[in-house]
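Using the sequences and the hints, build the whole thing.
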Amino acid sequence: MEILRTENLNFIYPDGRQALSDISFSLEEGEMMCVCGPTGSGKSTLLRLLKRELSPRGEKSGDIFISGRKQEELSDFEAATRIGFVFQRPDMQIVTDKVWHELAFGLENIGIKQNEIRRRVCEIAGYFGMESWFDRSTDSLSGGQKQLLNLASVMVMQPDILILDEPVSQLDPITASDFIATLTKLCREFGISIIAAEQRLGELIPVSDRILAIKDGKTVAFGETRDCVRTLIKDEAFAVSMPASVKLYEKIMSASGKENPKETDNASHEEKTIKTDSATLKEEPINTDRATLAEEPVRTGITHSKEDHKGGDIPLSVGEGRRFLKEYLKSPESDPRILSEVSGSEDTRTLHEDDKENAAEKQAVSRVEANKENAAEKQADRDKKDSRRKDIETVLEFKEVYLKYERNGRDILRACGFKVGKGEVFCILGGNGAGKSTAISAAAGLIKPYSGKIRVFGKNIGDYKGQELYNECVAMLPQDVQTVFITDEINGRHPYDLSGGEQQLAALDIVLASKPKLLLLDEPTKGLDAVLGEELKKKLKKLAADGVTIVIVSHDIEFSASIADRCAMLFNGEVVSVGEARDFFKGNYFYTTAYNRIMRGMQAEK
Amino acid sequence: MKPLEKYNPAVLFIYFLLLASLVMFAANPVMTMIAFVAMNSAAVVYAGNGLGRAYIFYAVIFVLTSLANPVFSHNGVTVLLVVNDNPITLEAVLYGVMTGFTILSVLLLFRVFSTLMTSDRLLYIFGRAFPKLGLLLSMTLRFVPLFGRQRRKIENTQKTLGLYKNENAIDTIKGKLSILSAMTTWGLENGIVTADSMSARGYGIKRSRTSFSMYRFERSDAFMLCAVLLSCGFIFLGIAIDKLKTDFYPRIELSEVSAYALISYVLYALIAFFPFVAKLAEREAQKKLFKESCDNSVNRERIEKRDSV
Amino acid sequence: MPVINNPTVRKILRIIIPFLVVPAAVLVGAYVFEDKMYAYVSLVITILAIVLFISGFEKRRTGSRRMVIVVVMTVIAVIGRFVPIIKPVAAITVISGVFLGGESGFLVGSMTSVVSNFFWGQGPWTPFQMFSWGMIGLVAGLIGKYLKTSKPVLYIYGAFSGLLFSLIMDVWTVLWYNDGFSWDGYLAAIASAAPMTILYAFSNVIFLIILFDPIGKKLERIRTVYGL
Chain A
1 MEILRTENLN FIYPDGRQAL SDISFSLEEG EMMCVCGPTG SGKSTLLRLL
51 KRELSPRGEK SGDIFISGRK QEELSDFEAA TRIGFVFQRP DMQIVTDKVW
101 HELAFGLENI GIKQNEIRRR VCEIAGYFGM ESWFDRSTDS LSGGQKQLLN
151 LASVMVMQPD ILILDEPVSQ LDPITASDFI ATLTKLCREF GISIIAAEQR
201 LGELIPVSDR ILAIKDGKTV AFGETRDCVR TLIKDEAFAV SMPASVKLYE
251 KIMSASGKEN PKETDNASHE EKTIKTDSAT LKEEPINTDR ATLAEEPVRT
301 GITHSKEDHK GGDIPLSVGE GRRFLKEYLK SPESDPRILS EVSGSEDTRT
351 LHEDDKENAA EKQAVSRVEA NKENAAEKQA DRDKKDSRRK DIETVLEFKE
401 VYLKYERNGR DILRACGFKV GKGEVFCILG GNGAGKSTAI SAAAGLIKPY
451 SGKIRVFGKN IGDYKGQELY NECVAMLPQD VQTVFITDEI NGRHPYDLSG
501 GEQQLAALDI VLASKPKLLL LDEPTKGLDA VLGEELKKKL KKLAADGVTI
551 VIVSHDIEFS ASIADRCAML FNGEVVSVGE ARDFFKGNYF YTTAYNRIMR
601 GMQAEK
Chain B
1 MKPLEKYNPA VLFIYFLLLA SLVMFAANPV MTMIAFVAMN SAAVVYAGNG
51 LGRAYIFYAV IFVLTSLANP VFSHNGVTVL LVVNDNPITL EAVLYGVMTG
101 FTILSVLLLF RVFSTLMTSD RLLYIFGRAF PKLGLLLSMT LRFVPLFGRQ
151 RRKIENTQKT LGLYKNENAI DTIKGKLSIL SAMTTWGLEN GIVTADSMSA
201 RGYGIKRSRT SFSMYRFERS DAFMLCAVLL SCGFIFLGIA IDKLKTDFYP
251 RIELSEVSAY ALISYVLYAL IAFFPFVAKL AEREAQKKLF KESCDNSVNR
301 ERIEKRDSV
Chain C
1 MPVINNPTVR KILRIIIPFL VVPAAVLVGA YVFEDKMYAY VSLVITILAI
51 VLFISGFEKR RTGSRRMVIV VVMTVIAVIG RFVPIIKPVA AITVISGVFL
101 GGESGFLVGS MTSVVSNFFW GQGPWTPFQM FSWGMIGLVA GLIGKYLKTS
151 KPVLYIYGAF SGLLFSLIMD VWTVLWYNDG FSWDGYLAAI ASAAPMTILY
201 AFSNVIFLII LFDPIGKKLE RIRTVYGL
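First to last, the sequence lines map onto chains A, B and C. The opening residue of the first sequence carries number 1 in our numbering; numbering runs sequentially from there. The opening residue of the second sequence carries number 1 in our numbering; numbering runs sequentially from there. The opening residue of the third sequence carries number 1 in our numbering; numbering runs sequentially from there.
Subject to a maximum C-alpha distance of 25 Å in a straight line, what follows is the list of computed SDA-like cross-link-like pairs (lysine to any residue):
1. B:Lys2 to A:Glu131
2. A:Lys218 to A:Val207
3. B:Lys287 to B:Arg302
4. B:Lys6 to C:Phe118
5. A:Lys234 to A:Ala221
6. B:Lys159 to C:Pro214
7. A:Lys448 to B:Asn156
Bear in mind the hints are in silico, worked out from the structure with no lab data behind them.
Structure follows, in C-alpha cells:
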C-alpha cells in the first residue's frame with residue numbers, strides 16, 4: 001500500500017532560490033528509501049517538507065499525500081505522531097536531562113496519561129535494550145547511544161513513517177552500521193516506512209528498496225535500488241559516494257568493454273519500476289504474516305531482480321561484490337590484469353588525475369607509478385623509501401607515553417609510541433575509545449602525559465613556552481570545527497550560515513593561518529560528503545607536498561587509505577601496528593577498506 | 001526501614017519543609033539542641049563530603065550570630081557588663097547562642113536537603129504544577145553539562161589558535177569573555193536543532209502537556225506523610241497555644257514541664273533523627289546482605305570443593 | 001496519580017488555592033511564629049509572587065524556539081556564575097530582558113538561580129534570589145526600549161540592579177539572622193555588605209559594556225533566523 005507520495009513538489013526559499021523542482025516519488029508501506037545527492041542538492045529541504053512541523057518558510061507548490069490524504073488535511077496530532085523525524089547531530093536533538101524523560105517527552109506533548117506513558121516508555125526501552133542506561137542522564141551517553149535514544153524517543157510515538165536526515169554521519173563506522181541494522185529491523189519487522197538521506201551510501205544502499213537521487217533540486221533517478229545504482233554510477237556527482245562493490249563492478253565492466261545492461265534498462269526505467277513494485281506486492285503479503293517476513297533475510301525484491309539481469313547483476317554489498325568477482329574471474333573472458341590494476345588503486349579516477357596534475361607531489365606520484373611496476377620493483381622502491389625515511393627529520397615522536405584523565409582512572413594511552421617524519425601523512429586509526437583523540441590532543445600540547453616523552457621537532461613538548469608551540473609550528477583542526485569560530489564573521493559571512501562541509505574547510509583555513517609545520521587533524525571527514533572529501537584530500541596533499549607534516553586520527557578507513565603514507569592502529573591506548581598504508585590495509589582483515597575486503601584472497605585463486 | 005531516598009519526592013519535600021520551619025521557628029532550647037544534634041548526624045551521613053571545610057564557615061556564622069544579638073539587643077535584666085553605656089545582658093547572650101544553634105541546624109538541614117533533592121526530584125514536584133517550567137528546567141539541566149563540555153573544547157582549540165597570547169590577567173579575562181561569547185553563538189545557532197526536535201515530537205500542539213515521572217506514590221509514602229503531618233501538627237499546635245514557649249526577655253522562663261511538652265519533644269526527636277536512623281538501618285541491611293553473599297560464596301566454594309573431591 | 005480527577009473541581013481549586021490558602025498560610029504563620037513572623041511572611045509572599053508569574057507563563061503558549069533561546073541564555077548565565085568573584089549573571093539577565101522581553105528576562109534570572117543552586121546549594125534564600133534576579137530581567141524587559149537606545153541609561157540600570165539585588169538579599173539576611181526586621185540591623189547588614197554591593201554594581205556595568213552589544217547582536221540575528 002502506498003503510504004507517501006509527492007506530486008510535482010516545488011519549493012522556493014524567500015531569497016528566491018529554487019530548492020526543489022518537480023519532485024515526484026512514492027513510497028510503499030514497509031519500504032526503505034534512500035535519498036541521495038551532493039551537499040546543497042535539496043535533500044534536507046525535501047525531508048523537512050515531508051514533516052509538516054519542520055517545513056521551512058518559503059513558497060511551496062505541488063502536493064504531499066500521506067496514505068492518500070493531503071498533508072494539510074492531517075490534524076496536529078496525526079502530523080506529530082504519524083511521521084517521525086531524526087536529525088543529524090545526536091547531541092543537539094536531545095531535549096531533556098534524563099533518558100526516561102527524553103523517551104516520555106513526545107508523549108507528554110500530546111497529553112498522554114501517566115500510566116500509558118509509563119507502559120510505552122518501558123516497552124520501547126526494553127525493545128531497544130536501554131534498561132541498563134534508562135536512569136542515566138542523557139549527557140553521559142556515547143554518541144551511538146544518543147542517536148539510538150533519539151530514534152527510540154521518536155519510535156515511542158508509534159509513527160508509520162520515519163524520516164532520517166543523515167542519521168549516521170556523526171557516528172563512527174561500527175556504530176553507524178549498528179544503527180542502520182536497527183533501522184532495517186524496524187522496517188522489516190514492524191513495517192515502518194523509512195526515508196533516509198545520507199552522504200556516504202556504502203551502508204545504506206544495500207538495505208534500501210528504493211533510491212531517490214536529486215541534484216540541484218531535480219530528480220536524477222528514482223526507482224528500485226539496483227536500477228538507480230546502474231544509472232548513478234555513470235554520474236560523476238554520485239559515483240564517488242557509491243559503495244565500493246558498485247565502483248569495482250563499474251570499473252571491471254568498463255575496462256573489459258562489456259556492454260552494460262544499463263542502456264536497455266534506462267529506456268524502460270519508469271515502466272520497470274512499476275513492474276518491480278507490482279511483483280514485490282505479489283510476493284510480499286504485507287498484512288498477512290509479518291512473522292515469516294521477519295525471519296526471511298533475503299528480500300524478495302533482490303531475488304526478483306537477480307533473475308532479471310542474469311550475469312550482469314550489480315553487486316551492492318561486500319559479500320555480493322566478492323561473489324561477483326569470483327564469478328567474473330571464473331568466466332573465460334575475464335582478464336586478470338584488470339584485477340591487479342583495480343587493486344592497485346583503492347581509489348576513484350579523480351585521484352589519479354589529481355596526481356598527474358600535481359607533479360610536485362613526488363611521493364604520491366611515486367606511489368601511483370609503483371602500482372604499475374611489478375612486485376620486485378615495488379619492493380626495491382619501498383626499500384629505497386625506507387632508507388630515505390631513516391634520514392628524514394623526525395617531526396613528532398611519542399615515546400612510551402602514558403596518559404590518564406583522572407588520578408584513579410584507567411590509562412587512556414599506555415606505552416604509546418610512534419615516529420612521524422617530515423612531510424609525511426600519517427594516519428592513526430582505531431575504534432571508539434582507543435585513545436585517538438587523546439593522542440592528538442597530547443601531540444597538540446593540550447594534555448600532559450604522566451609518563452613518557454612527546455617530542456615535537458626534537459624538542460620536548462613541555463619545553464615550549466607560552467605560544468611558542470603554536471607559532472608557525474603546530475596547529476590542530478579539532479573534531480568539532482565550530483570550536484574554531486570565535487568571531488561571528490568569516491569573509492563577510494556568518495560561520496553558521498555555511499554548510500557543514502564549508503565550515504570544515506573554513507575552519508581548516510583559519511587553522512592554517514598560523515603557517516604550521518605540523519598539522520594535526522581530528523576526524524577531518526566527519527559529516528563531509530564525498531565531493532568535499534575529495535577537496536579536503538586535494539588540499540592536504542598540496543600541504544604535504546609543500547613539506548607540512550600531517551597527522552590524522554580518523555575512523556574513516558577509505559579516506560585514510562587514500563591519503564596516508566603510513567598508518568598506525570591504536571588499540572586500547574597502544575600502537576599495535578604501524579606500516580606503509582598499502583601493506584597496512586592489506587594485512588588487516590576487519591579493519592580495512594571495502595575494496596580490500598572484496599579483494600581478499602582473490603589473487604591467489606587465479 | 002525504607003531508605004530516605006526511596007520515598008516519593010513530594011513526601012520528602014513536605015517533610016523537609018515542615019522540619020525546616022520547626023527548626024527555624026520553635027524558639028525552645030530543648031528543641032534547638034535536639035535539632036542541632038540530629039542535623040549534625042544527618043549531615044555527616046548524607047553530606048559528609050567537604051563537611052569539614054563547611055564547619056569552618058559554620059563556626060564563623062555561629063560566632064557572628066551569637067555576638068550580634070547582645071550587641072543589638074539590650075533587653076534582659078541580668079546585666080553582665082556595660083560597653084559604651086550599653087548593657088550586655090545574659091539573656092541576650094543566651095538568646096544569641098540559641099539563634100546561632102538554630103541557624104547552624106537550618107544550614108545543615110539544607111545541606112542534607114540539597115543532596116537529597118536532586119534535580120529530577122525537584123522536577124517531579126514542580127513539573128506537576130508547572131509543566132512548562134518543569135520542561136524549561138529539565139532542558140537547562142540537559143544543556144549545562146553539554147555547554148560545559150563545549151566550553152572546554154572551545155578553550156582547548158582557541159589555546160592552539162593563540163587566544164591567551166600573553167599570560168596576564170587582562171588577557172585571561174578577555175579570553176574567557178570571548179569564549180563565553182563564542183559559546184553563546186554556538187548555543188543559539190545549534191539550539192535550532194533542539195527546537196526542531198521538540199516541534200517534530202509534537203511540542204506545542206496541546207495547550208497543556210502532561211508531566212511524566214518515574215516516581216510512584218506507595219503505601220509507605222502515605223504512611224510517612226501522615227506521620228509527619230500529624231506529629232508536626234501536634235508540635236505546631238503546642239507552639240501556638242504556648243505549651244512550648246520559652247521567654248528570654250525580660251528573664252529566661254522555660255516552658256512548664258507538661259505531658260504535652262514531653263510528647264512534643266519525643267515526636268520532634270523522632271522526626272528530626274529519622275534521616276539519620278534510616279541511613280544507619282540501610283547500612284546495617286547492606287552489611288547483612290554483604291555478609292550473606294560472602295557466606296553464600298564460602299558455602300558455594302565448600303560445595304564445589306566437596307564435589308570435586 | 002492525579003488526586004482529584006474531576007477537571008472542574010481541579011480548576012476551581014486552582015483558582016481558590018492562591019486566594020485562600022496563601023493568605024491563610026500567612027495569617028497562621030504570623031500567629032504561630034510570632035517572633036519570626038517577618039521572615040516567614042516575606043518568604044511566603046516572595047514564593048507567591050513567583051508562583052503568580054509562573055502561572056501566567058504556563059497559560060501562554062511558548063514556541064519551541066523561544067524556549068530554547070531562554071534555556072541557552074540561562075545556561076550561559078549559570079556558567080557565568082562559576083567565574084570567580086565577579087559574576088555576569090545580572091548582566092546576562094538584563095540583556096535577555098532587553099532583547100527577548102520581560103517574561104523571558106524573568107525566566108532567565110529566576111531559572112539561573114534555581115539551576116545554579118543545584119551546584120551552590122539550595123535553601124530558603126533560593127526564592128529570594130529567584131525573585132531578585134527575575135525582577136532585574138523583568139524590569140529590563142519593561143524599559144528595554146530606553147536601555148537599547150541609551151547607553152548611559154543602560155549602565156545606570158546595570159549599577160542599580162546590582163544595588164537592588166543586594167538590598168533585597170540584605171532584607172532576607174536581616175530577617176533570617178535576627179528576629180524581625182529592624183532598621184539598625186538592616187543598616188548594619190548593608191554596611192557590612194557594602195564592598196560586595198559596590199563590586200557587584202561595578203562588575204554589572206563592566207559586563208554590560210563588554211557583553212551588551214555582541215550578545216545583543218547574536219540575539220537579534222537569531223530572532224530573524226528563527227523567525228520569532
